[in-house]
Structure formats: structure tokens, C-alpha cells
Amino acid sequence: MLLFLARRILSTVPVLVIVALIVFLMLRLAPGDPAAAIVGDSGTSENIARVREQLGLDQSLPVQFFRWSLQLLQGNLGESYFMKKTVVELIGQRIEATVSLAAVTLVVTILVAVPLGVIAAWRHGGWLDRMLMGFSVMGFSIPAFVIGYVLIWIFALHLQWLPVQGYQRLSQGPLLWIKHLILPSITLSVIYVALIARVTRAAVAEAMTEDYIRTARAKGISEKRVLMRHALANAAIPIVTVIGIGIALLIGGVVVTETVFAIPGLGQLTVDAVLSRDFPLIQGITLFFSVIYVLVNLLIDLSYLVFDPRIRY
Amino acid sequence: MLSKRNLMKTILAGAVFAAAAAAATSFAQDAGKVLRLVPQSDLKILDPIWTTAFITRNHGYMVYDTLFGVDEQAKVHPQMVDKYTTSPDGKTWSFTLRKGLAFHDGKPVTSEDVIASLKRWGQRDGLGQKMFTALDKAEPIDANSFRLVFKEPFGMVLEALSKPSSNPPFIMPARVAATPADKQIDDATGSGPYIFKKDEYRPGEKIVYLKNTQYVPRTEAPSGTAGGKNVYVDRMEWIILKDAQTQANALANGEVDMIEWLPPEQYTALKNNPAITVDNPIPKGSFALHLNHVIPPFDNPKIAQAAIMAINQEALMRAQMVHKELYNSCASVYPCGTAFATDKTGYFTGKPQFEKAKALLKEAGYDGKPVVLMYPADFALLNKFPPVMAQLLKQAGFNVDMQSMDWPTLVTRRAKKDPVDKGGWNLFITGWGIADNMNPMFYAPLTGNGEKGWFGWATDDRLEQLKSEFLASAEEPRRKELATSIQQRVYDTGIYAPIGEYKPLTAYRKGVVSGVVRSPVGVFWNLKKN
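Going down the list, the protein sequences come from chains A and B. With my numbering as the guide, the letters of the first sequence map in order to residues 1096 to 1408. With my numbering as the guide, the letters of the second sequence map in order to residues 77 to 606.
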């Protein structure tokens, strides 16, 4: 087990190096110059050249990469060109909003999708199944921003139950915190509910055809217990895997949702950084997301130990 | 077996819980005197001389004060200065600061602070550089007064010291102004009406200012950047909302009190909302077509003139601004209705002259090579112009290659002087505020100094000569005459051309926000929240 963990953690190093190199090169080769953005509309070519020099952008790519790598090895992700704050500080300022949004979305998704999938499998082929799967197709098909604006129109502008935008920190009160997350997390969860409900339905439906289900029923166990204790437990691994992939996909999903609901999280920070060509910030966030992705995958692998005792690392 | 009844119970319980969580509290209403404003963009750079971004300038007006200000008619008035005198030869200017000026750290504003601030500004700002070139010395007379001694009479001392935009000469403590001009300051201590709350500064989310209770405003009524900078709220929060729809929704829902710069696409919805006032405290701004003069074909003034003749201001502005009441045509390079605006615009009328343009192209020997028009597809404020401009240029006889890109790419590419096949460009369109182009010495593109000048790099010695004469002159009639000649040179050389004027819109909650100051730039004092 420990050996497995050590091997997995070590294997992330080359992944992160490759990600760092690709991001570095893509940024430098893509059009757009942070110096021009900093100088502003009335700046001249001379002003831009001076800022480029100050930022070290006039140096060769290998020199720039070497300097950045040295910083990384010292645990320093650098400083934002524009905001004059360290990348770590900026990520620290934004992480709570994104983690809150992702966590609430995940809870909503699991609480809705898994029961829906189980019910659909239980009533396989019936009207409830068809209705739930129809909803699932809709969830896949409607873009998040459309869902977001419709929810805002109904619950914020029309009913005035919930705020249109923004984020309140948990320290400002749990009720205020959750109120600002209800609409964004519903918006973001729709597609994941659709995905996980479908996978749950398929996995549970397959488990329901197994011999042990027939045996359980023959023993007179209640249908509820058959579903939850025998079918769902045995269908857990594909569901957990998809939930894990869903967490990784959430990283992309938060960008749109944070924009629609003006949530100052890492998604918005990424968009800002890209639009202003803030190289250190983009590189820092990308690396951070890569680490999260790797960690989530590791946790999924470890969770298999819980769901299937036959698995050993 | 799961009964349908139990299932329905569970679903209903979940729904009730969610609704209860939502409705348990009414969401926070504005507490006390906190005014929440959506600024035009995010504030990322705090140093007011480091960028020409309007948002940094607006931040500057919050925390710093200026020696002079301009009213809504662009007339200069003393601001930090109590009185000033000029020597008969016009070379020596003496200034006395008014009493009660103090920085946010409690220390008094001294002439040493003023001189240090002006020197730093003079290293970056175009007009500041010209003033310091003409300056022999800037010296304190005592703690409260100072003098500027020029080698030759400099006609724009007051205009320079009151420059309202890009970049105003803000006064900061000498210890902060000692920061080299090519390094950003990290201390926003000023003597202005608001105090920057550094510990709550979260770019991309919120910028917070507190009322400077020690600030002593002038007694005159506020107008532009001049007059009394009274603050009637305890705290102002700039809430960063980038999406136009979200801005409008937040205002309609009372989550913010004011939108500084309302996107035109939200104009109809908010104008029809009885709880919202749509206003235009900044009278106007303008858009212009800029041409690259260092590469063919616009290195030939006749071909440049032909491109300018293709402009149809009405068609371009209608496409971008949509609503008739939000724009107007104006053929002058200065904002129509301001001091230097003139209808002596030569061949340029703002209306298309395709046949004349075609004849000019033929005469100039245009070889039919495509001209590259840069199209910032992501920039809502500008992205309707290029497709219309491309069509107009085609009708005038040009072969047009309209290249789509995002705005950051455009601002990078426009700095390139290479031929178009090596990443260069021929044309692009951008916007300006009234404070930028109401004076020929303020307007960055109005240069004929070649590669030292603004993007497009036109070379015209006569234009530079006229500008030098303008700088030296202090008489209004002579200045007006020179401004007209400068305008004529712009069109004769085909440097650039205006494509129309727009009304920058501000929206705020009716009956809640009042006291919006009319000004050539966005200022946020005098605002009251009921």
C-alpha cells in the first residue's frame, strides 16, 4: 500500500514537468504580449519594450524557462505581472469560492444523481426510467450558461429568493454562504447529474441481473435492501470512477459558472489571467489544477479499497 | 420494497429543505452608507503613471488629489492650489497650496511632495515629458509653496497640471514618488477624498475605499475633477462584474447601486426599468480608424486619404451602438461641441465618397494587395465596427483582409512594424474618452514623430511644428487657430480619422443614488446613498 502510494506520487513528477513545459511553450508561442496589455491603449512601442525588459520577456525562451523552473524548485510560483501579488496569494484568495462551489455541486450531484439512477434501474424500461433518462439527455444538451440565466431569472429576479451574483465566505455565515451557492451549484450540477445518473442506472441495472441478487431475493430480503445493499454496493466502482472524473471535469465547468454568477474563484482568475496574458499566473493555476487532478485520481484508486475488498495494492 | 409514497416524501422533503434554506433569510440589503459600484473593468494596476487604463486613472482620482482640476466644460480651476502667479515673461510660475491638505497617513502635503510627484509623472506622461523638457527647475519656496521656472514660455502649464486623463499628475508623498518611474508603486497613500483599503484589495472581486474623514474639500460646487470633492458615503465598494447581463441583473436586484459604464446591449432593458436611472455624466467618447504609415499601402498619403473617404460614420456607429440616441456623427478630430472642435475638416465629411476614393487609389497606383484590418472579435465595445468598415473599404476599391483575433492579440500586434506577411497590420479601430482628445496635446495618436509616436507611426514634421507652437502659445484664439491647422494636417496626411461619438452610459438605482458629478472622466465623490 505504502509502496503503491509512493510510486503513484513519484509518477506525478514527470506529469507535472511535462504540463509545466507545455503550458510554458504554449503561452510563449501564442499571440499576445503582457507588456502591451500592461502599458495600455496610449502606450508607445518604446513603453512596451521597456516593460518587456522589466518582466524579463526580452530574454530567450530557454533562459525564461530555466528561471521559472528554478523558482518552482524553491516552491515559488512567481508573481502576477499585473496584480503585483504572488501567484500563491492569488490562488489562496480564490480557492475557497471554487472549492465551495465544487463541493456543493458534488453533494447536489450525488444526492440527486445516484437515487435517480437507482430508481431508473429499479423501474427499468418503465415510464419513470424513460422520464429520468429524458431529463438526462436534456442535462447533457442545455449549455450551463442557459440554465444559469434561466435560474437567475426565476429565483433571483422574479421571485427574489436568491442573489443574482457573488460569493460570501463561509466565515460570513453558513446561510449567506449557501444562499450564494444554490443557483450556481444547481447550474453546474445539471450536466453531472445527467452523466452520473446514466452511469448509475446502467451499473445498477447490470448488477440486478446477477445471481447474487436472485439469491438475495430468494432469501426474502426486502427490495429496498436488495437495491441499496446488494445492487448499488456492487455497482459502486464505475459510479465512483465517474464521480471522480466528474470532479476533474468540474475544474473546466466552474469557469463558465463562475462567469455567469460572478463568483470570484479560480475559474474567473484563469480567464482573467489568459485574457491579460499573465504568464506566471496562468502557469501557476495550470500546475495547481494538474496537482488536483492527479490527487483526485489517486483518491479514486484508493477508494476502490473501500468498495471492493478484493482489491489490494 | 421502496414505496412510491416514500419516494415522493423524500423528494418533497428535499425540495422543502432547499426552499427553506433559500427563503430563511432575505438577502442582505445595503447596510449604512456603503455604496456598491460596478466599475468599467477590473483594477489590476495601482500605479497611476504605469498604465493609461481608465480604471487605474479612476482609482487615482479616488485616493489622490491634483493641483488643478477641470470642470465639465474642461475649464481649469485650482484644486490643491490656493493661489498662483505668473511672471510677466511667462517663464516663472509660483504656486501656494491651500491649507489643511494632508495625506492619509496624517502627514501634511508639502511642496517637496508635489515636486517629487510631478517629477515622477514627468518621466512617463507625454505632456509631462514635454513640460519637463521645457522646464529649467522646479523648486520649493517653503513647505507650502513652490515654483516652476521654464527656459522658454510654456503655454500649457495649467493644462498639464490639470490633465484629466492618461495620465493625470496625481500628488503622492515624496517617499512614494521616490519610486523609480519604471517600477510600480506599492503604496496607495494619497491625500484624496477616499482611502484605499489595501487589506481588502481583491483584484477580480472587490476593491474597497473608505471615506477620508480628514479631507478638506473646496467650497465650490463639484464639476468634473474640480470643485468640492465631498464624500457622503462611509465606504465605497467596487464590485467586479464582467458579464453585461450579470451587471444589469445585479443592479435590477439591488445587489449593486451603480454601473459606471453600462454596455449598450443592456440599455433598453434598464431604460425601461422604473427603478433604474440611465444617465450619461461623461458627455461623450469617440472611436477612430487608425492606419499604419510605416508599411504599404498607407505609407502613401493618397491611399490613406482614400481609406478615410470610405468612412460612413452613420453606418458604423449604428452597427455598434444600435440606438440612435447613443451616438452622433462628428467629422472633427476633437469632440464636437468642445473648445477646439471645428468644421474645417477638408475632404473628410464622415460620409462615404467611394468614387473619389477610387479615383485617388488609381492616381496613387494602389496595387490591389489586401489591407489587413484587425478585428477584435471578443471586444463587445468595438467588435461591430470592423465588418462594416471592411465592406466600406471594399466599396471604395480596397482589397480587404479582415483578420479575427482577441483584443490582447490586437494590442500586441499593433506594436509590430513588420509587413503584413510577417505579422504586421494596416488598420484597426479603437475608442477614446472625451478627456483624451479634447486637446491636441492630450491625444496620443495625434503625432507626426514617426516611430517614436503612437501605433501607426505617421511622420509629418509640419504637424509636430504646429504642436510645438501650440505648446508655446497661451492665447486662446491662437490656440484655436493652431488646433484647426493640426486637424487639417491629420486629414491631409491621412493619419487617422474619427468614426463617430458615443454616449458613455451610467446606470444607478433611482431614489437610492444621487449626486452624480458631470465630468469628462469618471469621478465618484459627491455620491449620496439614500
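Since the hints were derived computationally from the structure, they do not count as laboratory data. Here a beta-carbon is modelled for each residue, glycine too, at the ideal position from N, C-alpha and C. Hints may contain errors.
If we take Cβ atoms under 10 Å as the criterion, some of the chain A residues that face chain B in the derived model are [unchecked claim]: (1) Val1134; (2) Phe1177; (3) Arg1225.
Hint-by-hint comparison with the structure:
1. The interface hint given for A/Val1134 is met, as the beta carbon of that residue sits about 6 Å from the closest beta carbon of chain B, less than 10 Å.
2. Using the Cβ-Cβ criterion of 10 Å, the hint placing A/Phe1177 at the interface with chain B is satisfied: the shortest such distance is roughly 4 Å.
3. Interface restraint check for A/Arg1225: the shortest CB-CB distance to chain B comes to about 16 Å, outside 10 Å, so the restraint is violated.
The structure does not agree with numbered hint 3 stated previously, though it agrees with all others.
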